[in-house]
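Protein chains: 2
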Amino acid sequence: MATLQDIGVSALINVLGAFAFLLAFALLRVQPINDRVYFPKWYISGGRSSPRRAGNSVGKLVNLDIKTSFTFLNWMPQALKMSEAEIINHAGLDSAVFLRIYTLGLKIFVPITILALVILIPVNVSSGTLFFLRKELVMSNIDKLSISNVRPRSIKFFIHIALQYAFTIWTCFMLYKEYDHVASMRLHFLASQRRHAEQFTVVVRNVPHVSGRSVLDTAEQFFKKNHPNTYLCQQAVYNANKFAKLVRKRDRLQNWLDYNQLKSERHPDKRPTRKKGFLGIWGERVDSIEYYKQQIKLLEKNMASERQKVLKDSKSILPVSFVSFNSRWGAAVCAQTQQSKNPTLWLTNWAPEPRDIYWRNLAIPFVSLTVRKLIISLSVFALVFFYMIPIAFVQSLANLEGLERVAPFLRPVIELKFIKSFLQGFLPGLALKIFLYILPTILMLMSKVEGYIAHSALERRAAAKYYYFMLVNVFLGSIIAGTAFEQLDAFLHQSPTQIPRTIGVSIPMKATFFITYIMVDGWAGIAGEILRLKPLIIFHLKNMFLVKTERDREKAMNPGSVGFPKTLPRLQLYFLLGIVYAVVTPILLPFILVFFAFAYLVYRHQIVNVYNQQYESAAAFWPHVHSRIIASLLISQLLLLGLLSTKKAANSTPLLVILPILTLSFHNYCKSRFEPAFRKYPLEEAMEKDILDRTTESDINLKAYLADAYLHPIFHSFEEEELVEVNVERNRSHTASDPTTEISSSSPPHQVNHPRSPPPHYVYHPSSPPQHAYHPHSPPHYAYHYENEP
Amino acid sequence: MATLQDIGVSALINVLGAFAFLLAFALLRVQPINDRVYFPKWYISGGRSSPRRAGNSVGKLVNLDIKTSFTFLNWMPQALKMSEAEIINHAGLDSAVFLRIYTLGLKIFVPITILALVILIPVNVSSGTLFFLRKELVMSNIDKLSISNVRPRSIKFFIHIALQYAFTIWTCFMLYKEYDHVASMRLHFLASQRRHAEQFTVVVRNVPHVSGRSVLDTAEQFFKKNHPNTYLCQQAVYNANKFAKLVRKRDRLQNWLDYNQLKSERHPDKRPTRKKGFLGIWGERVDSIEYYKQQIKLLEKNMASERQKVLKDSKSILPVSFVSFNSRWGAAVCAQTQQSKNPTLWLTNWAPEPRDIYWRNLAIPFVSLTVRKLIISLSVFALVFFYMIPIAFVQSLANLEGLERVAPFLRPVIELKFIKSFLQGFLPGLALKIFLYILPTILMLMSKVEGYIAHSALERRAAAKYYYFMLVNVFLGSIIAGTAFEQLDAFLHQSPTQIPRTIGVSIPMKATFFITYIMVDGWAGIAGEILRLKPLIIFHLKNMFLVKTERDREKAMNPGSVGFPKTLPRLQLYFLLGIVYAVVTPILLPFILVFFAFAYLVYRHQIVNVYNQQYESAAAFWPHVHSRIIASLLISQLLLLGLLSTKKAANSTPLLVILPILTLSFHNYCKSRFEPAFRKYPLEEAMEKDILDRTTESDINLKAYLADAYLHPIFHSFEEEELVEVNVERNRSHTASDPTTEISSSSPPHQVNHPRSPPPHYVYHPSSPPQHAYHPHSPPHYAYHYENEP
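Protein sequences appear in the order of chains A and B. Heads up: the first sequence begins at 1 in the UniProt record's numbering, then just goes up one per residue. Heads up: the second sequence begins at 1 in the UniProt record's numbering, then just goes up one per residue.
For the record, the hints were derived by calculation from the structure and aren't laboratory data. Where hints are given, some of them may not hold.
Remember, identical chains collapse to one label, so a pair may be satisfied in a single copy or spanning two.
[Unchecked claim] Cross-link-like lysine to aspartate or glutamate pairs, in silico, EDC-like; alpha carbons within 16 Å at most: (1) K341 <-> E688; (2) K270 <-> D287; (3) K341 <-> D180; (4) K225 <-> D690.
Treat the numbers as computed from the prediction; the structure is a model and nothing was measured.
Given the sequences, and given the hints that come with them, work out the whole structure.
Here it is, written out as structure tokens:
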């Protein structure tokens with residue numbers, strides 16, 4: 001086991017590694033050529049359209065000023081400069097609240113660390129049991145600072161119990177304050193938002209099929225009857241997956257056309273040509289511009305007929321509808337109440353914001369949802385506990401003999417001693433590494449199968465699954481040797497009181513492992529995060545080989561979002577480690593503190609400069625963060641109970657049994673006190689906003705404003721005449737609607753896209769961000785979201 | 001262990017016992033003197049005001065016609081005569097659905113019994129392991145018919161597994177059908193109800209305190225703002241516990257006055273007198289009528305000042321309000337939505353019907369509720385597992401030596417050998433018997449502490465607690481010897497997979513015990529239920545000693561209600577036994593069938609003739625019944641799994657593991673499919689009823705109709721001028737209300753009670769049932785409910 005010296009050496013190595021990353025970052029970030037990798041957010045928000053430093057052609061690509069590299073930590077004060085309010089404005093509430101998790105970690109652990117180090121270390125060191133035991137067990141120096149060093153039956157355990165109480169109470173206090181603050185931030189954010197389509201809209205699923213009537217008619221009649229004063233209009237959902245494919249194809253062709261036109265403008269003497277056949281490899285050579293123009297024309301004919309099919313065929317209208325109301329109050333009422341006698345029909349819920357919708361899942365029927373949930377929860381269970389089985393199988397295949405059988409021509413190379421030993425060390429781990437790399441994708445796929453209709457919900461569910469995986473396979477798996485499957489088997493055959501004991505005993509022994517883990521995964525991992533090595537390489541590769549037009553460059557720059565499915569579970573794991581080890585091996589706490597502080601700075605920098613959230617869920621993930629920290633508290637209490645019971649401090653049991661009960665009831669209280677703020681929209685709030693609206697801008701035509709907010713994004717790429725057609729189509733069913741609003745909604749100027757050229761309006765123009773009238777303040781990156789849609 | 005013969009003898013004894021009870025019932029029920037014990041429902045519903053057979057003075061009391069006694073089973077066809085619709089009309093939906101539980105039992109168990117007897121008994125008997133084992137283990141004949149008789153590793157276990165599948169599927173199918181039917185019955189019942197105050201009313205708890213404003217003003221303003229189109233009026237809740245005490249005292253005095261006046265009317269020559277002092281035992285002798293009149297006058301002065309205090313003092317208005325809306329739609333919206341930004345304030349819920357409200361719990365604040373729930377769940381846990389500890393302690397005190405020390409004068413009697421042995425056998429069990437007798441009361445008290453505001457909810461919670469107690473102490477306690485505490489200890493130290501095995505193994509051995517239990521508790525217990533021995537004796541005792549006036553006789557007759565807190569858990573225990581033993585020892589099933597059939601007849605008779613529900617919850621208990629039967633299925637599947645694992649039929653494990661998962665997902669499906677019908681009120685339904693109302697009786701003054709529906713019942717006993725005052729008081733805060741409605745609500749004729757004599761209107765007059773205009777069709781027994789109120 002590692003001694004204090006080993007830890008010191010490891011810390012030094014990791015700190016040096018982190019510094020190396022930071023230095024590399026400092027060097028790379030000031031190069032103009034990397035500007036789009038390290039500051040994409042400014043491009044997207046329109047603050048920047050080209051690298052700041054201009055000069056000669058070399059200066060455009062490389063910054064030769066060495067001085068800037070020396071100030072390699074000056075991104076830190078820059079990252080801290082922005083206030084929280086500005087961050088909310090700049091990157092949304094989700095990002096701002098995500099940063100608050102790190103400050104919450106600091107708020108919880110700074111006092112705990114001080115208290116634990118000052119009180120517990122002297123208590124543990126002075127006990128000195130392990131000096132006598134040295135011959136029997138190999139213990140590290142770290143263990144002398146931990147609870148293991150205290151003699152069984154010692155009265156000193158009451159100090160540990162008292163501190164566990166103190167830590168629990170402090171953590172709960174901070175959690176309460178933070179929940180309160182985040183809830184009010186959320187309400188304030190929602191209240192201060194300008195008019196949004198989702199505030200007036202409810203998504204209705206499982207609209208029943210009435211024979212001889214369209215879904216639109218049925219829904220119209222139902223809501224006109226049951227919400228006579230507030231119903232305004234509705235937006236049908238078309239099953240446009242096939243059409244979306246054609247749209248994507250046309251975009252590709254359009255892109256090639258732009259590229260060729262650009263090319264011919266630069267070299268007017270040389271018309272670009274291409275071969276007609278597959279991938280342009282063979283066939284007759286033709287003029288490229290003419291070819292693509294012709295292809296696009298052909299495709300557009302196809303699209304027209306497909307579009308006709310989608311719009312005319314009543315089968316392509318899904319039994320889902322976005323129903324809009326004339327007030328927030330009406331929408332709040334509809335979203336929170338049961339509509340139908342049959343509770344599986346007319347399921348109403350708040351509509352996610354348009355860019356947050358995962359369109360594919362809108363059509364899943366109710367019964368199927370139950371089955372899907374069941375199957376997915378079984379699969380997650382299997383994945384968490386049995387994932388080693390298929391990997392071991394693949395590993396047994398992917399050995400050197402197998403490789404030689406498949407590819408005999410490789411034998412001479414493989415048989416080289418150096419390469420052979422490398423492959424033998426590398427191959428068995430490969431399957432596991434590939435699995436761990438694609439795990440988040442698998443979990444996201446599982447969540448999609450579960451049928452959630454918003455990207456935000458999908459990410460939250462994927463994060464939950466990843467957390468379970470980490471809890472079982474990283475936390476428990478490291479403490480108890482063996483695979484999760486073996487653990488499960490062992491647990492099933494142990495008595496329930498034995499389990500915390502088994503784990504509790506090994507907890508102090510694994511402290512050194514987790515300290516190393518924190519340094520490698522936490523410190524160096526975060527330093528790697530700021531370096532963005534992968535996006536850097538990919539961007540430059542794309543820039544070199546793929547980027548043909550400005551639009552492609554924008555696509556290559558796409559910075560993505562914070563990636564909650566991966567970062568949230570990791571954060572929660574650190575909370576768990578800190579809380580569990582606070583009483584057991586307090587020397588671990590400073591390492592956690594360094595992680596929280598460093599990660600806070602790094603993510604603040606990334607959120608300000610890099611990431612670009614696809615959606616805004618107004619901190620909807622907070623209840624999960626809260627309840628997982630509570631779960632960490634419960635786990636730590638149970639494990640301490642098990643640990644102390646092996647220390648024969650049995651008289652302490654009643655004291656420790658009370659603690660989880662109190663923690664649980666605190667959790668229940670918080671749940672009922674704050675969670676409704678994240679799930680429901682209070683009528684008081686809705687009414688206030690409505691009244692405010694009515695007094696300030698009473699002349700707005702809400703119907704026109706809402707008309708196309710929830711149209712499937714691909715229909716936004718229609719040309720003018722087609723859009724009119726869609727609207728007429730839709731308005732045919734709005735037979736009773738006011739003719740004046742009908743006119744205004746049938747040809748809204750903002751939806752007009754000039755035919756053919758310039759390209760469809762969802763192409764991003766950094767210089768002139770598209771202004772959708774129905775979503776006036778939506779950030780321009782909006783369009784990116786559509787890009788990612790199927 | 002009991003042989004088949006023993007079971008036969010036991011069955012014979014119990015059948016004879018049941019017949020004896022039935023015979024006694026047949027004799028007693030035709031006696032006119034017992035008419036009010038066996039047919040009180042008819043008195044209450046106004047169908048009868050005096051025993052049917054009149055004649056000479058002896059004939060009024062005793063029926064000497066022997067012939068009627070011979071037809072001692074003719075109550076059975078009578079009980080079956082009423083159709084379900086008539087029962088709903090006569091006794092309410094709760095009672096009708098309660099009967100459906102018995103028919104559900106028959107529907108589930110008749111096919112299961114036939115299948116199990118035809119298939120399993122031959123399979124089990126033909127295996128004949130136990131013939132070889134006879135020397136080692138003492139097995140009964142019953143065991144030859146059970147699964148114990150099958151050889152380990154036998155292929156025959158697959159028959160058992162197949163049947164377990166078949167039984168589970170059949171049970172789920174019947175449960176689904178029944179849930180569907182009950183849900184639609186409930187919706188139909190609610191839809192076909194005439195106008196009720198609770199359809200328009202929402203109970204609002206935790207109205208925030210705004211300084212300088214009364215609760216009424218705050219609530220009025222809040223709802224006028226947030227439900228501007230639907231808010232109608234509200235009813236404050238007064239803390240009138242002290243006033244209620246005075247009202248009860250005046251009633252007592254009024255009763256004595258009536259008695260004395262009656263006495264003096266019969267014997268005009270002899271004025272009744274009484275002594276002035278304590279209980280009329282000493283002091284100056286005075287004229288009784290004068291004395292009581294004077295006392296009542298004094299008390300009424302007191303009451304007047306107390307009433308002034310209640311009405312004037314703003315502190316006596318609780319932060320609770322009954323808010324009424326002008327449509328069912330408005331109330332449905334308010335009940336189902338969140339009102340305030342702070343989710344612990346303005347908690348809205350459907351108001352229970354006025355007679356269902358448990359007034360005392362209305363004032364409990366939100367934080368206190370969380371704490372109360374925690375404390376009560378801990379107490380229930382302690383009660384279920386540790387109830388033997390205090391009883392053992394009491395038992396150790398309550399022995400003969402203790403008795404002799406406390407009461408030395410009893411020693412000569414106690415020392416008599418006969419009495420001594422009787423007491424020694426009797427005393428130790430006494431504490432336990434007393435405990436079991438008062439257990440339902442304790443559980444009800446616990447539920448009251450939990451803070452539920454409706455009698456129906458209280459009864460459901462008490463039933464749940466009683467079920468846990470029975471499950472642990474009757475079911476598990478009988479299977480595994482030892483107290484529940486010992487079991488808990490054993491379970492904590494066993495592995496989770498060991499527990500079903502331990503229980504599973506002893507299950508077949510305990511079949512004979514449970515057969516006896518079914519006969520004693522089920523058959524004879526139900527026969528005792530129809531005899532109503534305790535109410536019979538109490539009624540006649542009261543009639544002899546306490547009844548002074550007609551009103552007292554009515555009170556003595558009070559039949560109570562079905563007593564869901566005791567009957568529902570018992571029923572659920574029988575479902576559990578039937579489902580668990582269906583595969584293991586199918587010979588138990590016919591006994592269960594007899595129970596269900598017999599109990600169905602008896603309870604049908606009792607519901608038609610005796611019981612009188614205090615409230616109507618429209619079958620709100622059904623989700624509990626459903627989920628407990630599902631729980632029984634799960635328990636049976638786990639135990640079979642454990643049992644088969646000891647039979648070394650390990651290859652069957654995967655087959656049996658799937659079953660609980662399927663059952664659970666079936667449960668989840670049913671929950672989402674049907675439970676909303678029991679918890680929420682769909683807007684579609686509300687709107688339909690509203691429209692119907694508007695077209696049929698558009699001229700109704702809803703405000704007047706709702707004005708006093710939710711006034712605390714004791715205020716209904718005010719005299720005329722006082723009521724006016726109350727209304728004026730209340731209307732002062734309704735400053736904005738329509739003056740015409742104010743007039744109509746300030747002196748509604750139906751609330752007028754002629755001062756002093758005749759007695760206050762909640763005295764029951766069988767000949768002219770009181771007609772409350774605001775509750776036009778409420779059964780006359782209404783008044784009784786108020787009687788029971790604190």
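Hint-by-hint comparison with the structure:
no.: 1; hint: K341 <-> E688; result: between (31 Å within a copy, 11 Å between copies)
no.: 2; hint: K270 <-> D287; result: within (10 Å within a copy, 131 Å between copies)
no.: 3; hint: K341 <-> D180; result: between (37 Å within a copy, 12 Å between copies)
no.: 4; hint: K225 <-> D690; result: between (22 Å within a copy, 11 Å between copies)
In the structure shown, no violation is registered for any of the earlier numbered hints.
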